[in-house]
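J.: For reference, the chains in residue letters:
Protein chains: 4
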Amino acid sequence: MIVVMQKGATEEQLQEVVQILEDKGFRTQITRGTEKNIIGAVGDKSRLLDLAIEAMTGVEKVIPILAPYKLASREYKPEDTVINIDNLSLGGHDLQVMAGPCAVESKEQLLEVAHLVKNAGAKILRGGAYKPRSSPYSFQGLEEIGLKYLARAREETGLYIVTEVMDTQKVDLVSYYADVLQIGARNMQNFPLLRAAAKSGKPVLLKRGLSATIEEWILSAEYILKEGNSQVILCERGIRTFETYTRNTLDLSAVPVIKYLTHLPVIVDPSHGTGKWRWVQPMAQAAVAAGADGLIIEVHPNPSEALSDGPQSLTPENFNKLMNSLKPIAQAVGKKFDLSGTPEYFGYSQVI
Amino acid sequence: MIVVMQKGATEEQLQEVVQILEDKGFRTQITRGTEKNIIGAVGDKSRLLDLAIEAMTGVEKVIPILAPYKLASREYKPEDTVINIDNLSLGGHDLQVMAGPCAVESKEQLLEVAHLVKNAGAKILRGGAYKPRSSPYSFQGLEEIGLKYLARAREETGLYIVTEVMDTQKVDLVSYYADVLQIGARNMQNFPLLRAAAKSGKPVLLKRGLSATIEEWILSAEYILKEGNSQVILCERGIRTFETYTRNTLDLSAVPVIKYLTHLPVIVDPSHGTGKWRWVQPMAQAAVAAGADGLIIEVHPNPSEALSDGPQSLTPENFNKLMNSLKPIAQAVGKKFDLSGTPEYFGYSQVI
Amino acid sequence: MIVVMQKGATEEQLQEVVQILEDKGFRTQITRGTEKNIIGAVGDKSRLLDLAIEAMTGVEKVIPILAPYKLASREYKPEDTVINIDNLSLGGHDLQVMAGPCAVESKEQLLEVAHLVKNAGAKILRGGAYKPRSSPYSFQGLEEIGLKYLARAREETGLYIVTEVMDTQKVDLVSYYADVLQIGARNMQNFPLLRAAAKSGKPVLLKRGLSATIEEWILSAEYILKEGNSQVILCERGIRTFETYTRNTLDLSAVPVIKYLTHLPVIVDPSHGTGKWRWVQPMAQAAVAAGADGLIIEVHPNPSEALSDGPQSLTPENFNKLMNSLKPIAQAVGKKFDLSGTPEYFGYSQVI
Amino acid sequence: MIVVMQKGATEEQLQEVVQILEDKGFRTQITRGTEKNIIGAVGDKSRLLDLAIEAMTGVEKVIPILAPYKLASREYKPEDTVINIDNLSLGGHDLQVMAGPCAVESKEQLLEVAHLVKNAGAKILRGGAYKPRSSPYSFQGLEEIGLKYLARAREETGLYIVTEVMDTQKVDLVSYYADVLQIGARNMQNFPLLRAAAKSGKPVLLKRGLSATIEEWILSAEYILKEGNSQVILCERGIRTFETYTRNTLDLSAVPVIKYLTHLPVIVDPSHGTGKWRWVQPMAQAAVAAGADGLIIEVHPNPSEALSDGPQSLTPENFNKLMNSLKPIAQAVGKKFDLSGTPEYFGYSQVI
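Chains as they are written, first to last, in the UniProt record's numbering: chain A, 1 to 352; chain B, 1 to 352; chain C, 1 to 352; chain D, 1 to 352.
Any given hint might turn out to be false.
No copy is singled out in the list; a pair is fine if it fits within one copy or between any two copies.
As a list, the in silico PhoX-like pairs of lysine-lysine whose alpha-carbon atoms are at most 20 Å apart [what the hints assert, rightly or not]: (1) K276 to K61; (2) K335 to K321; (3) K7 to K36; (4) K7 to K276; (5) K199 to K226; (6) K335 to K199.
Bear in mind the hints are in silico, worked out from the structure with no lab data behind them.
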């Protein structure tokens, strides 16, 4: 930690800061400049402390040197974390695609999509049973019955299930049905929910908040890791900027940054990231080229009848096209992308 | 609702949209342009529906005409909502100040601040017992014991209590102690929490999310109003922008905008809005001049020892100075600002 | 300057950085942490150098300690700069209002507005002869003839003239007619223009760029000061954020921040800052309460016929109302606000 | 154009709007809603007019239907524009890479880089002779002598030259030396410069402004096209957001969006877009996968000695690595990427 003293701060003020830092177990060193003095403070607990040095008289600002997270850092664990969803690997050399409708709307809709995305090569089915909607008048999800349909789709297709949980009181219920718990962007800093989801023992898919910095996002992952659950998948889904042509601004730079700073896998959601089906394929391709470990994509048998996020949902046909377009790009960046199970590759339908 | 068809959309595509809209009970009218056709759709349920028209073939975009909220709108209720916290009025002609430490740290700290802010003229005590912190290693609050200290401070000083609730499972507990439930910026779109807080029957202080548009913020208020709780206070606390000199960018324009669009009272938090005690007074003054119904301000007896947000906390002396500076501005904009109880005005301490 | 070395950087890499810094005349001091080492570097030229230390192997990041500007800083010149526009003072204890149409549209329009704003108490007339418009199909200004009308309005009313210059090739011409040269938001980092405007010797009104940080804005002022022109007025006019309800987000915190960091006067443009006449008065009041040295406000005799920015222009009646509303607020914050010249104050018209 | 009337607007107010629109040559149609009435207005000049309808009494807002640009639109010219830089094609099926130092620093530096990037497969040399720098104390470029070095590099290597012009007074000079004129991000809305650059007849590389919307960016291209110069290359170089880990946020979604809305080629600058050499390769890969027509990349023989933007410059070795990594991705998206001239491909050095 670096403490920058104000120009004109007195020697007493400087010594007072030094004293407090040393009382807390830091070693300190003063660098005297022509205009301002600075204090370097080092010590084991430097990333854990929450001192209000900046509020002391004579202090201009405090600059942290160490990242505020530990368990998520690449320094703590140099090798990539690979998530095991039953016998499926996410992270490392594998590229995985999660696909399905924004919301579970009916058993028929869900099962239809499940078979379609499976045939196109997806291994994980997405679908919201609890939907966080800006307006209280929008469809809020089928709730528990939606979870049951997801379970049924898993039985029928063998796809794994990822679905969102929004409330600590529902974590047990959602965990009962889901293979991966999704924490949505709006809940990225819902800390009680992060802790509860961690304790479920299930892998957690942590979406980046709409205006979360990369550091805050990693700190939210740290909440989960700190509870002893190391199965965290980060998901870039677009941030909020001044640009309105796209629904959000997909920050693909976050992909290599996350892989540099942490050992956690990172996937990309080009559906929410762009808000329009038309941009989903090029941005999915770009995500893979940037090094993403996976994608989560909205697919609907009939987007214009979707109860949620229709405009950004792919038709099954376009989803199939997208999956095929990813193959050579995955290869170019050294990722293994298994499209088996699709009629194109095995010559018969995998539908049970 | 206006549906803009793409250039080159066929007549069939246009008629299909018209059909769906009429099936849903809308009246429609087509305006044929030289390049694009548009469909105007009117009907009672126009603000409540969630159609995926934008996903239909041939449709370029859908432009809503009516605001997506109803109960919060000035059109629904033209007169100002005045919140009654016991016999204290917030909204309308009164200016109220909430003040206190960011976090409840100890009984002594809280009681000291409580007496000080009361003497300076505040009528409501703020203080967090549950603290949403970006890092899991930061102080997370005293939890239930913090609530007990707040109750004790109320007994001793007569100040009303506003404190944050972060989890649906704690709403009953926090409601038992608090006069006003605070929903923090990070939870503005934690919809289960909004509903649970609404059902407590207590007034709810709803902070604006870091990257929430004014419309989304009002929609979150609508969630509370829809549960039958009309006691909602909105709080502007700064939004996230590219500017880093201040912690957030205090969007004071939101004050007159909220008062124009809704009937709800709006207060301002210049402590979080700026992140530095030095800017709190000028921005508090500006907030009152812009028409705010109140302020929420962090005060700490010794900011440099604060366990949370020390740099933005005022010393009691500076808080006193601020309160006095607001008096003539409140008067200039026609607000009643009662500083009674302060030694300056009554010549004796109001401490019980 | 602080250089933070990467975890695992070698001693050689550290010594190489030290060597380069010392070669450039810095004194250095190494603080060795448990994970990372840091180098403090101090020296007279620290704010002027442009070293690419961050590109050296083993370096994680470079953190500047001193502000990158000098002539603009409060440290360099502790007392407020007061701009003298002929015998009018802007800055210090005076509050000045500049008002007029967005664009000069005709002689009649301009003279009508000039008399009206003068009668309401403004001392400076604004009006664009060269208009920077996003679209090439929008009205681009009357150019030189517009300047002549401004000169005529000055003759008739005694108001001083502020008008925008957009091109280095027009600086001489615009300077010939204007009392204050305006650099628009889009040109805040048009460095050749900054230099040319500085050399005109006229006071320069420097608007903040749409996405300029406060530091970048001050650096642009530094360009002007460095050419020997100390007459710089900064103007906050709203920044670009995700919020679309207002045209821009008026960052009023910039007012006290600028006054703290620099000695330059700062004024506020609530017309562009909000984009809608309805919010101009409350935000003008807030600007004064935050400590602004002046305001620049769009007034049009008939806003719905304005060729530019009609929606944000005040009618003369609303402008008059606004001016009167500012009086008590200016008084509350210790500013002298001279409304003389208005019929209300002197009982007769000042119109020549 | 759609005009939305306020709730409670009178019939007279509505008719007044209709009258004005019809006077201007629009056909109008009124759609009467239960709460608000709307007026649809169609006519040939709808995209060219600049009416202040929004300032009329009773009007809530005006919603444009047609894009405000014409010549740049895909509707105006359906087929891709291919830029011919002498006998080199940019746009269409070709992928082109521009590379070189941020600033021309010396003849030796420039020639060294020129040969290196040529050998790696680049066809166009970048290098700034006039540098727009935030601080007046930073290196501002070698100016005309820098242009001469660029010309010399062209002679020696056969590379084409792209370099920035910052002032209308330098357009002739820079055009004399450059093959492509670059308009920098800070000058994207320097309209006199856009016009002057257009008139040079040279292809213009138009960088996106730091906070420019896609629509504003296209409108700036429209300024150039309107002067009769159809050779415009758009360049995404990152936008300003709240995220500070990267220097800017590279908005790769802009690539498919630009290609959908316009017929112009679009390239990507991952060096400025990320600000750190480490992220340049993954984001260059992502740009190509998203469909970009080219890249512009900073390369420096010794980044730590660069006078500008060293941290984001690639070493020649890393640049070579990047170029090879692009080959399979270009192929995957159907782009022709010619790396000929490199020793790896032809077995001998092309260095003259």
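J.: Between copies, within a copy, both or neither: which fits K276 and K61 at Cα up to 20 Å?
T.: between (43 Å within a copy, 11 Å between copies)
J.: 20 Å Cα cut-off: does K335 pair with K321 within a copy, between copies, both or neither?
T.: both (19 Å within a copy, 18 Å between copies)
J.: Check K335 against K199 for me: Cα-Cα at most 20 Å, and say if that holds within a copy, between copies, both or neither.
T.: Result: close neither inside a copy nor across copies, 31 Å intra and 48 Å inter.
J.: What label fits K199 with K226 when the C-alpha limit is 20 Å: within, between, both, or neither?
T.: within (10 Å within a copy, 33 Å between copies)
J.: How would you classify K7 and K276 at a CA-CA limit of 20 Å: within, between, both, or neither?
T.: between (52 Å within a copy, 18 Å between copies)
J.: At most 20 Å between C-alpha atoms: does K7 with K36 qualify within a copy, between copies, both, or neither?
T.: within (5 Å within a copy, 27 Å between copies)
Going through the hint list in order, the structure does not satisfy hint 6, though it satisfies all others.
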